[in-house]
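Using the sequences and the accompanying hints, generate a full structural model.
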Amino acid sequence: MAAVILAAGPAAADVLAGSYGNEVGCAGVRLGYQDSDDYVVLTAEGVETYGSGCQFAQRLTTAPGTLLLSSTCFAEGEEGTTTDVVKVINKGGDGFFVTIPGLEEIGPLKSCS
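Residues in the sequence shown are numbered consecutively from 11, following the numbering used here.
Rather than coming from a laboratory, the hints here were simulated on the basis of the structure.
Check each hint, because a few of them may be wrong.
Unchecked claim - Computed cross-link-like contacts, SDA-like style, restricted to lysine to any residue with a CA-CA straight-line distance of at most 20 Å:
1. K120 - G42
2. K97 - G87
3. K101 - K120
4. K120 - E89
5. K101 - A27
6. K120 - L70
7. K120 - A85
8. K101 - P118
As the list claims (entries may be wrong) - Taking CB as the label site, the calculated pair distances span:
9. Y43 - S121: 15 to 21 Å
10. T82 - D24: 32 to 38 Å
11. D104 - D24: 30 to 36 Å
12. T76 - S46: 17 to 23 Å
13. R40 - T93: 15 to 21 Å
14. S80 - E115: 15 to 21 Å
15. Y43 - G75: 27 to 33 Å
16. Y60 - V95: 19 to 25 Å
17. P118 - L78: 17 to 23 Å
18. T76 - G28: 18 to 24 Å
19. D24 - S46: 18 to 24 Å
20. D47 - L70: 19 to 25 Å
21. L70 - E33: 17 to 23 Å
22. V95 - S123: 26 to 32 Å
Positions of the beta carbon are idealized from the N, C-alpha and C atoms, including for glycine.
What follows is the structure in structure tokens.
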């Protein structure tokens, strides 16, 4: 029954309401497009950068302030997609931080509203 509930909506919907990003990412959200290599946006559906991103598929575990999410990821210039476990950490007033395997931690990402 739990898998049905998780699959019914975005994997992180109850934790990530709205859009979170860096300054460039939030400007892109407001303008409706991205135009800089510095663009980063996090939503309940996934994390997106200028040339790559991950779509969250299923929540694997939740600990206070931390989400582990099975994700389908892509990168500009690479063929196909990969399945990775993405870690999203809520550091409160410092914002959200995202770790995608093989990349440096992304953040802080703060509310775009």
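Hints violated by the structure (listed by number, smallest first)
Of the numbered hints given earlier, those the structure breaks are 2, 4, 6, 7, 10, 11, 12, 13, 19, 20 and 21, listed in rising order.
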